[in-house]
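*Asks:* One letter stands for each residue in the lines below.
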Amino acid sequence: MPPAPCSQLDSSGRLRHLISLDGLPRERILALLDHAQALRAASRNGTRAADVLAGRTVINLFFEPSTRTRTSFDLAAQRLGAHVINFDIASSSTTKGESLLDTVHTLEAMHCDAFVVRHKESGTPQYIARHLRSGAAVLNAGDGNHAHPTQGLLDALTLRLHRPNPAALRIVICGDIRHSRVARSDVHALHALGVRDLRLCAPPQLLPDPAEFPGCGIFHNFDEAIDGADAVIMLRLQKERMEAAAIPSEAEYFVRYGLSSDRLRGAHRDCLVMHPGPINRGVEIASEVADGPQSLILEQVANGVFLRMAVLVELLAAGDSAKIRA
Amino acid sequence: MPPAPCSQLDSSGRLRHLISLDGLPRERILALLDHAQALRAASRNGTRAADVLAGRTVINLFFEPSTRTRTSFDLAAQRLGAHVINFDIASSSTTKGESLLDTVHTLEAMHCDAFVVRHKESGTPQYIARHLRSGAAVLNAGDGNHAHPTQGLLDALTLRLHRPNPAALRIVICGDIRHSRVARSDVHALHALGVRDLRLCAPPQLLPDPAEFPGCGIFHNFDEAIDGADAVIMLRLQKERMEAAAIPSEAEYFVRYGLSSDRLRGAHRDCLVMHPGPINRGVEIASEVADGPQSLILEQVANGVFLRMAVLVELLAAGDSAKIRA
Amino acid sequence: MPPAPCSQLDSSGRLRHLISLDGLPRERILALLDHAQALRAASRNGTRAADVLAGRTVINLFFEPSTRTRTSFDLAAQRLGAHVINFDIASSSTTKGESLLDTVHTLEAMHCDAFVVRHKESGTPQYIARHLRSGAAVLNAGDGNHAHPTQGLLDALTLRLHRPNPAALRIVICGDIRHSRVARSDVHALHALGVRDLRLCAPPQLLPDPAEFPGCGIFHNFDEAIDGADAVIMLRLQKERMEAAAIPSEAEYFVRYGLSSDRLRGAHRDCLVMHPGPINRGVEIASEVADGPQSLILEQVANGVFLRMAVLVELLAAGDSAKIRA
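Residue numbers (the numbering used here), protein chains in the order written: chain A, 1 to 326; chain B, 1001 to 1326; chain C, 2001 to 2326.
Where hints are given, some of them may not hold.
[What the hints assert, rightly or not] In the SDA-like style, the derived pairs of lysine to any residue whose C-alpha atoms are separated by at most 20 Å in a straight line are:
#, chain 1, residue 1, chain 2, residue 2
1, C, Lys2239, B, Ser1099
2, A, Lys120, A, Met242
3, B, Lys1239, A, Ser99
[Stated by the list, open to error] From chain C, some residues computed to sit far from chain B (all C-beta separations above 12 Å):
#, residue
4, Ser2011
5, Arg2014
6, Asp2022
7, Arg2028
8, Asp2034
9, Glu2064
10, Asp2074
11, Asn2086
12, Arg2178
13, Leu2198
14, Pro2214
15, Asp2291
Keep in mind the hints are simulated off the structure, nothing from the lab. All C-beta atoms in this analysis are idealised placements derived from N, C-alpha and C, irrespective of residue type, glycine included.
Please model the entire structure based on the sequences and the hints provided.
*Replies:* Given below as structure tokens:
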């Protein structure tokens, strides 16, 4: 069951938290993409980002191990001039409800402006957001199966940079859809771009409840799903899910749900290939495809920093925040 | 036995290290509180702290795990513009006397200006201070049962902000007094504020040597101690101490030494409630009291950052430091 | 077998990576020493380093535990205004060839300007440098038995500061030469200074292939080697090597290959004593020598920061780097 909704917008429509793309107005999503795209363009022109978050504090509160997402947020915050504190508490005892809030309130009392939260339980970022007492913002960096909104946004940004009119595209997301927070956030972001032909492909045991994905086609044959596709987003296979899917080996998974060069030929000729990383080479994607000319995997990583900068600015750079926390 | 004293002041009366409040002149303590209070006021007016420690290096050398104290020092240093290096070496092999000094001298040789030291053995910060060869300062962030001077100062600051004339107050510190570095530093700080009616309450087995706490009342009945109190400082119960106190369970401890709403009614009507954190809810303090209107627990955390900024500025911002280290 | 060479210089002779001193033109080595010496002089005059790396990102990628080298690079980068990300992945699973490159490419895609790499396998920094796709630089912070170029440079710098004409000196390096990356880089750096009488001393089982050290004298009797020496560089003894050297105990090692006061009297009267650290007191060096007036051990540490600043500036501060990475 998805967590109860939490208002991410204040009464004037300004973004207060980024917990999920679900329920975010389309224009807010597009504005974030535009902002990230402008930051990217400035960087490519050799312009350093201004220290618009100078004096602000961003806390990375990671209850699950992560290298790339934490580093991406860390760099995004540093490049805007913020102070950053990193907590990697994957193995700590601070995960129980009660002491989680005490930890958060303690850090909040030290005047932090944003909590970037990753947690294995769906709903934790929202739970934290509901219990904050200051004007601090919560950024969901991935919670359980629920949402990974910055990944959804950076995927949409990457796609839009290559296909300026994404509405008419056929896009396939393939892998363990049922347990994927990336798939959920991608669907919301792509719908905001106007994508209509969105296909979800998974082994039968890992297919999601179709009611959760209105407007998406559901497939369990990858060759059918990929037919004529303009972009394919592959999901990382968690080893423990393979067993749940009754698939006997990684090799077997690759045969049925891996993106090989052969299979990619069933897609549109210049079909784009995406993956949130880290990739399992030879499991859900062939090395030659991951490293091939159609792959946008490293562009996704690059765009992720700009996207997270845009979100941080949107959440923290408004003039009234200093007032709130004093 | 407390460690042999170490001069924290130089010949002109300037603070060189902050090892213990014991022996610090009252006016130095009050000056630090004034400085912290000014930084707090500036922050509440929306003024960012100046980068007065730009180019300086602060090393957090934590031989015991700590989240809140380390983060508080980290943010204090960052907000003053210093470079910060964090060492969490709770589980490392660098704790033996000889190699401890080699580690310190190596870091000192890299031109660091301050060592913030936490160690489970009393006297370690002082030992380091005595062996430094440069003008670097040592800040004790808690050593064994000996002292936690910034906690004592921030508690005094928090109390003074709410009770501008603390001298006439009745204040109770309750918990494992015998093993508490917080209690020791609180007593020194409160005496500097002129507090005369200071009561220490602990289970019989955890009472301290009265000779160590001259001028304090010693109680083992919490209801008697709290009678008419203007402020109560609760101490965190370490699980291993409960057994030493011959107390069979946390529930039993709470009945006899926990701060419940009922028990708090025995104090003055607007008695303040403090705790250095992290709290054990339902063990030494009831949740309704910790989260209630008389609780200053999160204000203590907030004031801790300003207090540590004040100490860092006092120790490092003097003009002659650069000369010394060159 | 040493790794295949990798071009550290671009077509215009500018330093692109610092992988090894082997093959670096003598004038490049001396220019780095001059640059470091100028930074050191400025610091001693109380001048803060300019933020010439503002907006740049340095990633410390340490696959082996290290306190001093990592901190030295961290401080060097911070003091030049760079953003720093620290990865201590000694115990992680990211060490296999394939996933190592995926990690590097991911971090590279986030626009980092330099990778400081330590790895237990010789050739890893070079492997990374060969596979980078951007203009990012690789700094070898120690790889297997191969090289530790910044250590070699800082040792040469420290020596030159005390002996302005090093060419005529007799210098001994003593310890496990065979497995020492420090010895290899020291020899290259000292040859660049023009040192002609360079002696390598090791237990017979730990002597290197003489062909690998042309122009060096090879000794296994330390008393013979040290006779009339102007400087001795002692190497840290790895416990596991002692067994390989068929030496029954640390005490026995000290008797034969340790630097005692007695043994030091066989050297030139004001022979300099160096050690890359961390030292094993009473194993390869007596405490009284390590802490004595001839010891430069802590000066080496201090010079290390300036040397690493010089290397970072040389690699990153050139105007064209921003172009390359956009």
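*Asks:* Which of the numbered hints above does this structure break?
*Replies:* Failing hints, ascending: 10, 11, 15.
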